[in-house]
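Chains as they are written, first to last, in this note's numbering: chain A, 1 to 253; chain B, 1 to 218.
Derived by calculation from the structure, the hints in this document are not laboratory data. It cannot be assumed that every hint is accurate.
[Claimed, not checked] Reference listing, derived: stretches of chain A covered by chain B, where coverage requires no fewer than 3 residues with Cβ under 8 Å from a Cβ of chain B:
1) 39-45
2) 241-252
[To be verified] What follows is a set of in silico ranges between Cβ atoms, one per label pair, in the way DEER data are often shown:
3) B:D155 to A:G11: 48 to 54 Å
4) A:F99 to B:R14: 48 to 54 Å
5) B:E7 to A:R124: 34 to 40 Å
6) A:Y15 to B:D143: 41 to 47 Å
7) B:E8 to A:A179: 55 to 61 Å
8) B:D3 to A:G42: 19 to 25 Å
9) A:M148 to B:E7: 55 to 61 Å
10) A:F93 to B:E7: 37 to 43 Å
Cβ coordinates follow ideal geometry from the N, Cα and C atoms, glycine included.
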Amino acid sequence: MTTQSIICTQGLNLYYGEMRALKDITMSVSDRKVTALIGPSGCGKSTLIRCFNRMNDLVDACRIEGSVDFHGKNIYGNGTDPVEIRRRIGMVFQKPNPFPKSIYENVAYGPRVHGITERARLDRIVEESLRKAALWDEVKERLSHSAMSLSGGQQQRLCIARTLAVEPEVILMDEPCSALDPIATAKIEALIGELKQQYCVIIVTHNMQQASRVSDHCGFMYLGEMVEFGETAQIFESPTEELTENYITGRFG
Amino acid sequence: MTDKFHEEMAEMQRRVLAMGLFAEGMLRDAVEALRRQDIALASDVKGRKRALSSQNDALEEEVYRMIALYQPVARDMRAVACALKVIASAERIGRYGKDIANVVIATTDARESDLATGLSIPHMAGLVLSMIDDSLRAYETGDLQYIRNHSERDDVVDALRHTIFREGITYMMEEPRTITRCMNYLMVARYLERCADHSCKIAEKVHYMVTGERIEIK
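Hey, can you work out the whole structure from these sequences and the hints?
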């Protein structure tokens, strides 16, 4: 992979109690590219993506071995601040989860938490974030309306705008389209294409067509292992591993 | 991909193979008609062109339908892509068979000497037919052993075409009355050489289908 890597894992193992959910994952994620993780349910892709911004810290009995380097520094090392990590590595979830507040407040929430109070600056951040999330034109007349009044697809883009508002470098997306209809899905996919101009995007998806459409690199995981990781076009044209081939052609999973 | 896709794919591959064998049969019979100067057989070959085209059209449509409905990837995608290329080459081979049949029909006048045999066209045809046969076998079985030596075999066919051209020119200089006939046979040699190229094309696509790697057989 020629482009600069932003996140590297080295011998990453993760245990939920006795259960080893990730086995020796060593991979490197390129900046300003879209990396997709695919694999059958329970293969560890969500667990892996949650390692990238220490979301697994919140799970009891979860133990991690190995390292996850972000710009060459282990995020599980001493002295790293998980809150700062989660600002720089944002996350969008499967189900749109806007706060029960106005559209404006949803986006302004993060910057406020990080100490920005000046109204004009917040206005600017809200507009920029909504524009980047391709939502501005649809909501600019009703920023004070409740976020709950938006459609599912709009809510998901609002969640993306909320992530962008705190100026992250990496955006993790855990099945961002699985609760959306095909039109809303197409909008999110187009947005992912825009976002990679500025950010590193890592997406977990069950939809292999989606992985092949949006990603530059693709990893296939099975039973906690990274079976194959490479260029998306190569994976979907002629994968190296038999297991990958069998999965993406629907012979199992 | 679903079992339904794999069943339909297997059925399509059977039909692609059948079309390949049908085209090969047209070429084989055309060469036989040439060797025996058998006008009836040549006309029969000519009449099969319509069936060849309709097989091609139906299979092409089937390929597009499979892509539209299933969006295959990896080995499934390669199998569908390969089917499309194989039928295109098979159609060309069948059409060259028809062209050779036309030559037989057009050269009924002066049949006193068997120039075609003199020009080692039957020998060349035998090599070409065995190449086509092996390409189709490789397609049927996925066994690349059958196409291992296609490049060398194609070189032999190319060399034979050159030889036949030189021989033909000699005949024509010695006996100008044979010019029409010789010119037709030189065309036949050219058609056969193109058929060998198409068998190499099929071999390349089978190689891609099986391994995912694109090669060029020269």
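Among the hints numbered above, which are violated by the structure, and what are their numbers in rising order?
1, 4, 5, 7 and 9
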